[in-house]
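Protein chains in written order, with the working numbering: chain A, 1 to 286; chain X, 1 to 292; chain S, 1 to 356.
Hints should not be assumed to be uniformly reliable.
[As the list claims (entries may be wrong)] So the derived label-pair ranges between C-beta atoms look like this: (1) X/P59 with S/K165: 18 to 28 Å; (2) X/I259 with S/T265: 44 to 54 Å; (3) X/L283 with S/S260: 45 to 55 Å; (4) S/K183 with X/I149: 51 to 61 Å; (5) X/A154 with A/F41: 31 to 41 Å; (6) S/K165 with X/I132: 31 to 41 Å; (7) S/H92 with X/P117: 43 to 53 Å; (8) A/F41 with X/L283: 54 to 64 Å; (9) X/A154 with S/I199: 23 to 33 Å; (10) A/R148 with S/V114: 52 to 62 Å.
Because the hints were derived from the structure by calculation, they are not lab data.
It should be emphasised that the depicted structure is a prediction, and the values quoted were computed from it without experimental measurement.
Every residue gets a Cβ at the ideal spot worked out from N, C-alpha and C, and that includes glycine.
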Amino acid sequence: MSQVKRRANVKMVPLQSDAIVPERDIDKAPVLEARHLGIEFGGLKAVDDFNLTIGRTEIAGLIGPNGAGKTTVFNLITKVYEPTMGAVLINGHDTKGLSIVQASKLGIARTFQNIRLFDQMTVEENVRIGLHNQIKYDMATGILRLPRYWKQEKRQHEKALELLHIFDMEKLADETAGSLPYGVQRRLEIVRALATNPSLLLLDEPAAGMNPHETEELMENIAKIRDQFQIAILLIEHDMSLVMGVCEGICVLNFGKVIAKGTADEIQANPVVIEAYLGKKKEAQA
Amino acid sequence: MIFLDNLINGLSLGSIYAIIALGYTMVYGIAKMLNFAHGDVIMIGAYIAFCGLQYWGLPPVIAILAAMAVCTLLGVTIEGLAYRPLRQATSLAVLITAIGMSYLLQNIALMIWGANPKSFPRTFINGASIRIGQLSISSATIWTILANIVIMVALTLFTAKTKMGKAMRCVSEDRGAAELMGINVNRTISMTFAIGSALAAIAGVLLCSSYPILQPTTGSMPGIKAFTAAVFGGIGSIPGAMIGGVLLGVIEIFGKAYISTELGDAIVFAVLIVVLLVKPTGLLGKPVREKV
Amino acid sequence: MTKAKRNRLIYNIVTFALVIGAFLLLQSMIANKSITRSLKGQLVPICCWVVMAVSLNLVIGISGELSLGHAGFMSVGAYTGAVISGWLLNAHGVDNTTLRLVLAIVAGGMAAGVMGALIGIPVLRLRGDYLAIVTLAFGEIIRNLVNVLYVGVADGRLTFSFLNKSMPEGVTMLVDGAKGAVKIKPISTFTAGFVLILITLIVVLNLVNSRAGRAIKATRDNRIAAESMGVPVTKYKMMAFVTAAALAGMAGALYGLNSSTVVPTQFTFNQSINVLVFVVLGGLGNVLGSVISATLLTVLPEMLRAFSDYRMLVYAVVLILVMIFTNNPLIRSVLSSAVAPIKRALRGKKQGGETA
Numbered sequence: 001m002s003q004v005k006r007r008a009n010v011k012m013v014p015l016q017s018d019a020i021v022p023e024r025d026i027d028k029a030p031v032l033e034a035r036h037l038g039i040e041f042g043g044l045k046a047v048d049d050f051n052l053t054i055g056r057t058e059i060a061g062l063i064g065p066n067g068a069g070k071t072t073v074f075n076l077i078t079k080v081y082e083p084t085m086g087a088v089l090i091n092g093h094d095t096k097g098l099s100i101v102q103a104s105k106l107g108i109a110r111t112f113q114n115i116r117l118f119d120q121m122t123v124e125e126n127v128r129i130g131l132h133n134q135i136k137y138d139m140a141t142g143i144l145r146l147p148r149y150w151k152q153e154k155r156q157h158e159k160a161l162e163l164l165h166i167f168d169m170e171k172l173a174d175e176t177a178g179s180l181p182y183g184v185q186r187r188l189e190i191v192r193a194l195a196t197n198p199s200l201l202l203l204d205e206p207a208a209g210m211n212p213h214e215t216e217e218l219m220e221n222i223a224k225i226r227d228q229f230q231i232a233i234l235l236i237e238h239d240m241s242l243v244m245g246v247c248e249g250i251c252v253l254n255f256g257k258v259i260a261k262g263t264a265d266e267i268q269a270n271p272v273v274i275e276a277y278l279g280k281k282k283e284a285q286a
Numbered sequence: 001m002i003f004l005d006n007l008i009n010g011l012s013l014g015s016i017y018a019i020i021a022l023g024y025t026m027v028y029g030i031a032k033m034l035n036f037a038h039g040d041v042i043m044i045g046a047y048i049a050f051c052g053l054q055y056w057g058l059p060p061v062i063a064i065l066a067a068m069a070v071c072t073l074l075g076v077t078i079e080g081l082a083y084r085p086l087r088q089a090t091s092l093a094v095l096i097t098a099i100g101m102s103y104l105l106q107n108i109a110l111m112i113w114g115a116n117p118k119s120f121p122r123t124f125i126n127g128a129s130i131r132i133g134q135l136s137i138s139s140a141t142i143w144t145i146l147a148n149i150v151i152m153v154a155l156t157l158f159t160a161k162t163k164m165g166k167a168m169r170c171v172s173e174d175r176g177a178a179e180l181m182g183i184n185v186n187r188t189i190s191m192t193f194a195i196g197s198a199l200a201a202i203a204g205v206l207l208c209s210s211y212p213i214l215q216p217t218t219g220s221m222p223g224i225k226a227f228t229a230a231v232f233g234g235i236g237s238i239p240g241a242m243i244g245g246v247l248l249g250v251i252e253i254f255g256k257a258y259i260s261t262e263l264g265d266a267i268v269f270a271v272l273i274v275v276l277l278v279k280p281t282g283l284l285g286k287p288v289r290e291k292v
Numbered sequence: 001m002t003k004a005k006r007n008r009l010i011y012n013i014v015t016f017a018l019v020i021g022a023f024l025l026l027q028s029m030i031a032n033k034s035i036t037r038s039l040k041g042q043l044v045p046i047c048c049w050v051v052m053a054v055s056l057n058l059v060i061g062i063s064g065e066l067s068l069g070h071a072g073f074m075s076v077g078a079y080t081g082a083v084i085s086g087w088l089l090n091a092h093g094v095d096n097t098t099l100r101l102v103l104a105i106v107a108g109g110m111a112a113g114v115m116g117a118l119i120g121i122p123v124l125r126l127r128g129d130y131l132a133i134v135t136l137a138f139g140e141i142i143r144n145l146v147n148v149l150y151v152g153v154a155d156g157r158l159t160f161s162f163l164n165k166s167m168p169e170g171v172t173m174l175v176d177g178a179k180g181a182v183k184i185k186p187i188s189t190f191t192a193g194f195v196l197i198l199i200t201l202i203v204v205l206n207l208v209n210s211r212a213g214r215a216i217k218a219t220r221d222n223r224i225a226a227e228s229m230g231v232p233v234t235k236y237k238m239m240a241f242v243t244a245a246a247l248a249g250m251a252g253a254l255y256g257l258n259s260s261t262v263v264p265t266q267f268t269f270n271q272s273i274n275v276l277v278f279v280v281l282g283g284l285g286n287v288l289g290s291v292i293s294a295t296l297l298t299v300l301p302e303m304l305r306a307f308s309d310y311r312m313l314v315y316a317v318v319l320i321l322v323m324i325f326t327n328n329p330l331i332r333s334v335l336s337s338a339v340a341p342i343k344r345a346l347r348g349k350k351q352g353g354e355t356a
């Protein structure tokens, strides 16, 4: 817990005009840069002039009321949608015209708001899909069971168990993913995403449906993952205790536009954010 | 002259496709499923009309109404027994069920009426031809095109003006939201099947008036082609079904006349494939975005 | 060894043991002449339908796409096999029937595989119902095309003609339009069929338990998630589709070379549905199930006259009932609660045995 707090108090330093990243990441190229990003759905601007820079090892939060366009931002970053305006740079590469698969290969991995596991496959197989581009062999090798097949299968198996260990899920390796409880499914999604060896992990409401105890555990795990893998994490979350506790930089979205950016303290003191969140903040304090 | 003849034949065949395509397009738009058995409902409708005319000595209009009544009942029954239990299932499961239903209807027809083709009796629909100069237009053609126009106008008014029509449009847009608004989704889907199946009966009679050979497989090929027409026009769109149906009929007749008789079906299916590749939403369809 | 791995191994061993056991049993029955004439005539077709069912299961059960044109690939294989065999015999005097059969089957598989790739490129961009209807359309187009195909052989050269019946003098017709592939010398053997089944099982079962196979299953379970994990969805759908098409082509070649003629009407949409019934009844994704159901449903109509008469009616009802029973949440929960005590009893027994 103490570690999380220390991270949260990291001083933010301006990188570009309005970009802020933690001080320790300032000399390194950012993982993600979104520049004037926007998309229209039939005339409606779901996201408009969205700018965000995420440092190498930053944990950032994307918050905002329902329908603010948070998941749409994720879909733009992961190339589910092609933006109609602006650009997304991943590790310095422009992602214009890339497919979802190509974006993944550039080092982006995500979880989904409405869990999308491979329901009929086992937990281990789910993680192995994450390893698809990490530990490879071709179709013929698999069918003919050449020596390379056995070697790579063993590596996949070991790596999968190693990753499952993050959440102490090795014992569940043979369970069918679709039959797991909700909270475990959420954790499996994170493990699967980590298996792709990303440099930026996008978590879409990771604490949804979790009780306060589980949420706290998740919070610690998010910080642990960042420290262990040295990656950046961007998360969408409605649970303010989690966001304020773990995120170093927070970006607030409302009606598709960024209304505030800064550290947890800055956001909490920002009158515009308070206005957008009025009801919720009072409840939280009550 | 041959060109005009072909064009009129194409319009006539296309009008039949259009009426069948309406059944597909409405069901697809509202229940989000491909009712593979729709073509076979046409066949059942044609058999009922055939029995009415041939065996029971009913006047043609009554025979057609009887066919419509039986098909309506059949459509609603199929929906309730086979498709309703699968409302939450994958489209793969629903489609396999629909294929099973198609085969069931064909085999029931085979048991009742046998495999031998029946010759559909002549009615007022295939009366005297009309001659305009050298051009001769059969009475069946005129009735078919007329029926197509009337049905299209009636359906458009129905979906635009009536309460049930509006409910159908709601369910097709968002089933969950419609349910929350107090619309009885199951009843709305039943109603859609009822209308589609009644139209299928009319299509069956028209089809057999123009092509008077009736057997248990009569409905399957026109059924598949009409689905092609529905996709062509844009699935879910009523004017789309009309345009798609008519265009497909014309393409088929011209393809047979100018390219090859044997390749007529292949040409129609090639059209389907090209349309799906170039414009998967069809001529008048709206793009659908998958929610992530 | 993990539990999942052990179960998989047992499943594979049972599958192969069953197939090899059945083959040895039937061979011994042939040797001591205790086999009925009708069953003996069914042996090669059974092998063909088993291969068809297992390969279609790869597309439907494992890749999750409904293909309704599988018979089309079979016909491509059957025609290619007949032409290659006829050409080898007439033009090159290859008398060795085994060599001819093997080459014909390989050629049939390759031709169908190429056709599968050509069709797959446009088809696999589509989804769900559209994909199903387009595979159906392609199946019908293939049937339409072979209906107007004429192939003859003279002086060691193959002559192809399309739509046009006229052939030069002295040509031996191999494919004669609507009459189909004619004057085939039947060379298929039960052993060849058995080997083909083994190859099919090795390909499909090994594929499923490999990196590529998992990618195929992932695209079935959740397309967007698979893409987000960096799995190129279309490539793997294509892999399953082309593999299945090639296997169907090989089955087709074996099937075609089992009789003296092959006609286009043998490979209609109805035939695709027959294979679909094998797959659905055997269980989507269940390879062993496909083997068993294809065998039983090919033998039964021959043995039971009554079943033969109502075959299609029964198939239709089977399709509907299996789908409703396996997909309706209510019925499924009732079924599983009925089965649960039995399962528990069995498991309890087994665990008791292990600890003892």
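A quick look at each hint next to the structure:
| no. | hint | result |
| --- | --- | --- |
| 1 | X/P59 with S/K165: 18 to 28 Å | violated (49 Å) |
| 2 | X/I259 with S/T265: 44 to 54 Å | violated (22 Å) |
| 3 | X/L283 with S/S260: 45 to 55 Å | holds (48 Å) |
| 4 | S/K183 with X/I149: 51 to 61 Å | holds (54 Å) |
| 5 | X/A154 with A/F41: 31 to 41 Å | holds (34 Å) |
| 6 | S/K165 with X/I132: 31 to 41 Å | holds (39 Å) |
| 7 | S/H92 with X/P117: 43 to 53 Å | holds (47 Å) |
| 8 | A/F41 with X/L283: 54 to 64 Å | violated (22 Å) |
| 9 | X/A154 with S/I199: 23 to 33 Å | violated (59 Å) |
| 10 | A/R148 with S/V114: 52 to 62 Å | violated (28 Å) |
In the structure shown, a violation is registered for the earlier hints numbered 1, 2, 8, 9, 10, in ascending order.
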